[in-house]
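**Student:** Now for the letters of each chain:
Protein chains: 2
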Amino acid sequence: MFETTTHATPQHPAAMQRSQLLIIDLLRHACRRHPQQKIVSRRLEGDIHSYTYVDCYQRSCQLAHALTELGVQPGDNIASLAWNTYRHVELYYGVSGIGAVLHTVNPRLFAEQISWIINDAKDTWLFVDLSFIDLVTEITSQLSSIKGIIVLADSAHQPALTKVAQQVLNYEQLIQPQPNQFDWPALHEDSAALLCYTSGTTGNPKGVLNSHRAMVLHAQATVSHELLDLRSDSVLMPMVAMYHAGAWGAPYAAPLAGCKLVLPGAGMSGEAMYELISEQQVTLGLGVPTIWLTLHNYLAEQQASVPSLQRVCVGGAASPLGLVKTFAERYNIYWQPIWGMTETGPLACSAPPEPELMALPKEQRYAIQTTAGRACFGVDMIIVDADGKPLPHDGESSGELRVRGPWIAASYYQREDPEVFVDGWLATGDIAVIDPQGYMKVVDRKKDVIKSGGEWISSLEIENICSQHPAVNESCVIGVKHPKWDERPLLLVVPKANTELNKQDIYQFLQDRIAKWWLPDDILIVTELPHTGTGKLVKNELRRQYQYYLMEQSS
Amino acid sequence: MFETTTHATPQHPAAMQRSQLLIIDLLRHACRRHPQQKIVSRRLEGDIHSYTYVDCYQRSCQLAHALTELGVQPGDNIASLAWNTYRHVELYYGVSGIGAVLHTVNPRLFAEQISWIINDAKDTWLFVDLSFIDLVTEITSQLSSIKGIIVLADSAHQPALTKVAQQVLNYEQLIQPQPNQFDWPALHEDSAALLCYTSGTTGNPKGVLNSHRAMVLHAQATVSHELLDLRSDSVLMPMVAMYHAGAWGAPYAAPLAGCKLVLPGAGMSGEAMYELISEQQVTLGLGVPTIWLTLHNYLAEQQASVPSLQRVCVGGAASPLGLVKTFAERYNIYWQPIWGMTETGPLACSAPPEPELMALPKEQRYAIQTTAGRACFGVDMIIVDADGKPLPHDGESSGELRVRGPWIAASYYQREDPEVFVDGWLATGDIAVIDPQGYMKVVDRKKDVIKSGGEWISSLEIENICSQHPAVNESCVIGVKHPKWDERPLLLVVPKANTELNKQDIYQFLQDRIAKWWLPDDILIVTELPHTGTGKLVKNELRRQYQYYLMEQSS
Ligand SMILES: Nc1ncnc2c1ncn2[C@@H]1O[C@H](COP(=O)(O)O)[C@@H](O)[C@H]1O
Numbered sequence: 001m002f003e004t005t006t007h008a009t010p011q012h013p014a015a016m017q018r019s020q021l022l023i024i025d026l027l028r029h030a031c032r033r034h035p036q037q038k039i040v041s042r043r044l045e046g047d048i049h050s051y052t053y054v055d056c057y058q059r060s061c062q063l064a065h066a067l068t069e070l071g072v073q074p075g076d077n078i079a080s081l082a083w084n085t086y087r088h089v090e091l092y093y094g095v096s097g098i099g100a101v102l103h104t105v106n107p108r109l110f111a112e113q114i115s116w117i118i119n120d121a122k123d124t125w126l127f128v129d130l131s132f133i134d135l136v137t138e139i140t141s142q143l144s145s146i147k148g149i150i151v152l153a154d155s156a157h158q159p160a161l162t163k164v165a166q167q168v169l170n171y172e173q174l175i176q177p178q179p180n181q182f183d184w185p186a187l188h189e190d191s192a193a194l195l196c197y198t199s200g201t202t203g204n205p206k207g208v209l210n211s212h213r214a215m216v217l218h219a220q221a222t223v224s225h226e227l228l229d230l231r232s233d234s235v236l237m238p239m240v241a242m243y244h245a246g247a248w249g250a251p252y253a254a255p256l257a258g259c260k261l262v263l264p265g266a267g268m269s270g271e272a273m274y275e276l277i278s279e280q281q282v283t284l285g286l287g288v289p290t291i292w293l294t295l296h297n298y299l300a301e302q303q304a305s306v307p308s309l310q311r312v313c314v315g316g317a318a319s320p321l322g323l324v325k326t327f328a329e330r331y332n333i334y335w336q337p338i339w340g341m342t343e344t345g346p347l348a349c350s351a352p353p354e355p356e357l358m359a360l361p362k363e364q365r366y367a368i369q370t371t372a373g374r375a376c377f378g379v380d381m382i383i384v385d386a387d388g389k390p391l392p393h394d395g396e397s398s399g400e401l402r403v404r405g406p407w408i409a410a411s412y413y414q415r416e417d418p419e420v421f422v423d424g425w426l427a428t429g430d431i432a433v434i435d436p437q438g439y440m441k442v443v444d445r446k447k448d449v450i451k452s453g454g455e456w457i458s459s460l461e462i463e464n465i466c467s468q469h470p471a472v473n474e475s476c477v478i479g480v481k482h483p484k485w486d487e488r489p490l491l492l493v494v495p496k497a498n499t500e501l502n503k504q505d506i507y508q509f510l511q512d513r514i515a516k517w518w519l520p521d522d523i524l525i526v527t528e529l530p531h532t533g534t535g536k537l538v539k540n541e542l543r544r545q546y547q548y549y550l551m552e553q554s555s
Numbered sequence: 001m002f003e004t005t006t007h008a009t010p011q012h013p014a015a016m017q018r019s020q021l022l023i024i025d026l027l028r029h030a031c032r033r034h035p036q037q038k039i040v041s042r043r044l045e046g047d048i049h050s051y052t053y054v055d056c057y058q059r060s061c062q063l064a065h066a067l068t069e070l071g072v073q074p075g076d077n078i079a080s081l082a083w084n085t086y087r088h089v090e091l092y093y094g095v096s097g098i099g100a101v102l103h104t105v106n107p108r109l110f111a112e113q114i115s116w117i118i119n120d121a122k123d124t125w126l127f128v129d130l131s132f133i134d135l136v137t138e139i140t141s142q143l144s145s146i147k148g149i150i151v152l153a154d155s156a157h158q159p160a161l162t163k164v165a166q167q168v169l170n171y172e173q174l175i176q177p178q179p180n181q182f183d184w185p186a187l188h189e190d191s192a193a194l195l196c197y198t199s200g201t202t203g204n205p206k207g208v209l210n211s212h213r214a215m216v217l218h219a220q221a222t223v224s225h226e227l228l229d230l231r232s233d234s235v236l237m238p239m240v241a242m243y244h245a246g247a248w249g250a251p252y253a254a255p256l257a258g259c260k261l262v263l264p265g266a267g268m269s270g271e272a273m274y275e276l277i278s279e280q281q282v283t284l285g286l287g288v289p290t291i292w293l294t295l296h297n298y299l300a301e302q303q304a305s306v307p308s309l310q311r312v313c314v315g316g317a318a319s320p321l322g323l324v325k326t327f328a329e330r331y332n333i334y335w336q337p338i339w340g341m342t343e344t345g346p347l348a349c350s351a352p353p354e355p356e357l358m359a360l361p362k363e364q365r366y367a368i369q370t371t372a373g374r375a376c377f378g379v380d381m382i383i384v385d386a387d388g389k390p391l392p393h394d395g396e397s398s399g400e401l402r403v404r405g406p407w408i409a410a411s412y413y414q415r416e417d418p419e420v421f422v423d424g425w426l427a428t429g430d431i432a433v434i435d436p437q438g439y440m441k442v443v444d445r446k447k448d449v450i451k452s453g454g455e456w457i458s459s460l461e462i463e464n465i466c467s468q469h470p471a472v473n474e475s476c477v478i479g480v481k482h483p484k485w486d487e488r489p490l491l492l493v494v495p496k497a498n499t500e501l502n503k504q505d506i507y508q509f510l511q512d513r514i515a516k517w518w519l520p521d522d523i524l525i526v527t528e529l530p531h532t533g534t535g536k537l538v539k540n541e542l543r544r545q546y547q548y549y550l551m552e553q554s555s
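Chain order of the listed sequences is B and F. Each residue of the first sequence is one higher than the one before, counting from 1 in UniProt numbering. Each residue of the second sequence is one higher than the one before, counting from 1 in UniProt numbering.
Possibly wrong hints are sitting among the right ones.
Said to hold, decoys possible - Straight-line alpha carbon distances no greater than 20 Å define the calculated DMTMM-like cross-link-like pairs of lysine to aspartate or glutamate that follow:
hint, chain 1, residue 1, chain 2, residue 2
1, B, Lys389, B, Glu419
2, F, Lys451, F, Glu400
3, B, Lys516, B, Asp435
4, B, Lys484, B, Asp387
5, B, Lys38, F, Glu354
6, F, Lys446, F, Glu356
7, B, Lys389, F, Asp183
8, B, Lys38, F, Asp385
9, B, Lys389, B, Glu354
10, F, Lys163, F, Glu138
11, F, Lys38, B, Asp423
12, F, Lys446, F, Glu487
13, F, Lys38, B, Glu354
14, B, Lys447, B, Asp394
15, F, Lys389, B, Asp183
16, B, Lys389, B, Glu461
To be verified - Negatives, chain F to chain B, calculated, CB over 10 Å:
hint, residue
17, Gly75
18, Trp116
19, Gln173
20, Ala192
21, Val208
22, Thr283
23, Thr290
24, Leu426
25, Gln468
If you're looking for bench data, these hints aren't it; they were derived computationally from the structure. Note that the structure is a prediction, hence the values are computed from the model and not measured. Even glycine gets a Cβ: it sits at the ideal position worked out from N, Cα and C.
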């Protein structure tokens, strides 16, 4: 499915209008169909801001005029360092609408990585939220292509920025005098629109350059019942950042569906989430497992609940059975797993609450909710062995996952990577199984797989089982050097607040649940584990730190 | 929105995979996601046939092999004269899948028109249902390009066809020996896939040549909540024919959604419909108003009901308020208006039961259900005056409707028509108003508008009001010659069975409901009105017949 064509033009063409799939039309559609629907944002200024899709569109038009006046040309890269707020949404539409490219930079990276990325992309203007002013001040002298910095605030909130080399402008001042209609260019749909770098755990970050076509088709899939099933009465709160894989396309999908969009700004605490969900009657949240663990911890502590919340869509990491259950049984919230990566739109798979699934016995359903789901229309998936030979979808064979489709990257920006882009497929680096119903499960990252005596041990599987222990808050399994077996698993555990936990408890718990040879060679009780800015475990760091741990123990 | 581009390639390309939107992937998607879902058909052989999407796919593969063996080449046109059954669905996939073009011929046309169309398209093979064998025998000597006739039956049901000049083959025999997997070509998505002639009331029929891309994007829109809102637990019964505008795309949309597809074959009677709806638990029907009137008449007569049926999607003609109400209040069925034409995919507009609509007072909602609905994502709409100048969407101004989008025709097949294809828009020939919420209402066909003393009278509007009279079964207003006003309206009315109805009743009913100068100059009570094969009134014929009626009366 979704094979790539080698024909530049059709051999036997039909006679359809050459209308293009362009990002700006997602917002124009919201304006004609749901003009009064709201975008609600927690601002960096501290308050809650609310306006309509028509307001958003008019300000995106003003931004387009302002960019044109600044001399921005089609194809120029424009950087943002910003949270999820309405101004960032305006950048998503205004910048791409004129044929320029919005480059959403991840502010959680190291300062050197950030300036490296901005220089690599040759970004010409940088839009920045108030909370990243210090960061920008720190890196300003490194930025070789940036002509000016635009602070996402009104002039009353504009800081001095005396130590910045480039010219500094104010966002509200910039757009305020501009007309609120714009004559958008009729671009080709394969034009570049959104640039996202993915922060590999090794080597330099790599850019994924998304097209208008890809983002529109991705938005249509996202709205469909195979992914988020968004409707005009949904209230969508993306906790995943607009600087990380386009907030999973939420800023594009929400206006297409005409649903209310609730943007958390910098408010990532349990309390801030609870407030916004309750006040805005959020029905659907998007985020990594850690975010929903944070919400759960807050709710448990406060004995609070969020009755409006019907579903959380959870990706970026595997869904632990413990949380799936807790959300179902304690909160009546459907935990909907999602799989994707920056290179894949990002959304590609999910397990939405389809009637057939909901009809299954509870435990069977929960098990499916810990998979990564099934591919939506637009994505083809295979698993291959080490030689690239396709493996059966039998729920047993595991191999590297390859994906293909109209919103999957065909190469990195300005970079070759023949290991990732193979025979018209994207090699994901995820080791997965696919069952006969099409449910895919990531059993490991290619580099996280533990190879013990030539056999594979899934670190994720052990972590999943650990997560079901009542006193475990988080756990991490890494492969470390072993004199005999080459690699053996080492388990690190963070206990829940105010609980007692020791090695023996965990061994006892694991003993009945996993094969003997999978039992970690040692267990360490720790107070915390390192995470990336987007909430993923940084296993590389732990691997480095504990690399020789077993060697030292045994010597 | 949805402007057509003049760029052949993007100026600043992104780096996405060149995966194409191809029709065959709709069915392949159903196979991996809903392999056991059913297609149920009333066969021409008389029985009910049921099989799965996997069966359908495997037989489409067999058909593709058979076509290849027959020497069918990409770009060849292959004709069908067939009802809605699973074999016709296999033609939709097998023929287009190999890059050939399925030409669905309307068997209800006059025999000369049918042979004219088949010759015009230079169709090479003709697939024909048992009920059209006589028709084929009649026209066989006229068919200059047809190499052979394939009867859609098994060999036990194959008739002799001795008077046919071309070779005659049997469908089941043809495909049976073939392998059930096929290596589909990676076509360009702009390739031709489906050819539908639209039978204009004047002049020769004109072909619309649809692309793979258009049909896939149309299917995605169709499945979305803006049009049919199809899900895996929907049971869809298209009463609209697969030879008429692709059964509104139902054969493409159903596998995409994974819903059960129920195909009525030649069973168009109230009884046949009732049987299929009840046995298959149909939730959603597609068809012209006449079809639902037929169902209602049957149910009323039999004192029967169809509790599974939740919605009927109704297009091809305006939705009469009387039926909207009856379906809501008597059957609890939502009457969902749809607008489209062969040149527009066909689906472009609808008024689905969105939460905001359902929250309105009943009478307001009914009023909206008599509009043609709002444009879905993918379709832009304007109304223009006689000079092509855009008119406001104020719910008052009426002008010719123009539409634009990726599944709208850019020209007729092998024909120029500068009056229809204007400035990148399709001029629809419908006179419409659009209100500020985006609801469009066809107030007339350009050629049905009555021009009385330089002012326009809407024949449709008068017909709509008539339909609310309890004793009126059907009505028709035409403009006929008048010595003073140039044209004046004449009303023809078919009373309901077993009811008394006279001119004066109707005049009284109309008096309070329309402007005085709109009142028809005369009213004729008739026993029936002429319809096209697809259930539309043939006003041209009536106009011809009654052209001088008022002249003769007044003289
Ligand atoms: N549902 C999931 N289950 C397991 N791993 C996931 C899931 N979703 C995302 N990931 C991981 O996150 C990676 C993508 O990271 P990123 O590009 O930063 O979004 C994938 O390649 C997976 O390794």
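**Student:** Does each hint hold? Answer for all of them.
**Tutor:** For each hint, the structure was consulted:
1. For the hint pairing lysine 389 of chain B with glutamate 419 of chain B, the CA-to-CA distance comes to about 15 Å; that is within 20 Å, so the pair holds.
2. Between lysine 451 of chain F and glutamate 400 of chain F, the direct Cα distance comes to roughly 15 Å. Compliance with the 20 Å bound is thereby established for this hinted pair.
3. Proximity of lysine 516 of chain B to aspartate 435 of chain B is assessed by CA-CA distance (about 25 Å); at most 20 Å being required, the pair is judged violated.
4. Under the criterion of a C-alpha separation no larger than 20 Å, the hint pairing lysine 484 of chain B with aspartate 387 of chain B is inconsistent with the structure, at around 27 Å.
5. For the suggested pair lysine 38 of chain B and glutamate 354 of chain F, the alpha carbons sit about 17 Å apart, so the restraint of at most 20 Å is met.
6. Our distance criterion of 20 Å between C-alpha atoms is broken by lysine 446 of chain F and glutamate 356 of chain F, whose separation comes to about 32 Å.
7. Distance check on the hinted pair: lysine 389 of chain B and aspartate 183 of chain F sit about 18 Å apart at the alpha-carbon level, within 20 Å; holds.
8. Taking the CA atoms of lysine 38 of chain B and aspartate 385 of chain F, the gap is near 34 Å; set against the 20 Å cutoff, the hint is violated.
9. The straight-line distance between the Cα atoms of lysine 389 of chain B and glutamate 354 of chain B is roughly 32 Å, outside the 20 Å bound, and the hint therefore fails.
10. Between lysine 163 of chain F and glutamate 138 of chain F the CA atoms are separated by roughly 9 Å; this keeps the pair inside 20 Å, and the hint holds.
11. Distance hint between lysine 38 of chain F and aspartate 423 of chain B is unfulfilled; the C-alpha atoms sit about 35 Å from each other, more than 20 Å.
12. Of the pairs offered as hints, the one joining lysine 446 of chain F and glutamate 487 of chain F holds, with about 15 Å between alpha carbons and a cut-off of 20 Å not exceeded.
13. A hinted pair counts as satisfied when its Cα atoms are at most 20 Å apart, and lysine 38 of chain F with glutamate 354 of chain B qualifies at roughly 17 Å.
14. Distance hint between lysine 447 of chain B and aspartate 394 of chain B is unfulfilled; the C-alpha atoms sit about 23 Å from each other, more than 20 Å.
15. Restraint check for lysine 389 of chain F and aspartate 183 of chain B: the C-alpha separation of about 18 Å stays at or below 20 Å, so the hint holds.
16. The hinted pair formed by lysine 389 of chain B and glutamate 461 of chain B fails the criterion: a straight-line CA distance of about 25 Å is larger than 20 Å.
17. Chain B draws glycine 75 of chain F into its interface by the beta-carbon criterion, the shortest separation being 4 Å against a cut-off of 10 Å.
18. Against chain B, the non-interface label of tryptophan 116 of chain F holds: every CB pair exceeds 10 Å, the least being about 20 Å.
19. Distance check on glutamine 173 of chain F: its Cβ is at least 29 Å (rounded) from any Cβ of chain B, clearing the 10 Å threshold; non-interface status holds.
20. Taking the minimum C-beta to C-beta distance to chain B, about 4 Å, the non-interface status of alanine 192 of chain F is violated against the 10 Å cut.
21. Its beta-carbon lying about 8 Å from the closest one in chain B, valine 208 of chain F breaks the requirement of being farther than 10 Å from that chain.
22. No Cβ of chain B approaches the Cβ of threonine 283 of chain F within 10 Å, the least distance being about 12 Å, so the stated non-interface status holds.
23. A cut-off of 10 Å between C-beta atoms confirms that threonine 290 of chain F is not in contact with chain B; the least separation is 30 Å.
24. Leucine 426 of chain F, annotated as away from the interface, has a beta carbon of chain B within 10 Å; the closest lies near 8 Å.
25. Its beta-carbon lying about 29 Å from the closest one in chain B, glutamine 468 of chain F satisfies the requirement of being farther than 10 Å from that chain.
Violated hints, in rising order: 3, 4, 6, 8, 9, 11, 14, 16, 17, 20, 21 and 24; the structure is consistent with all others.
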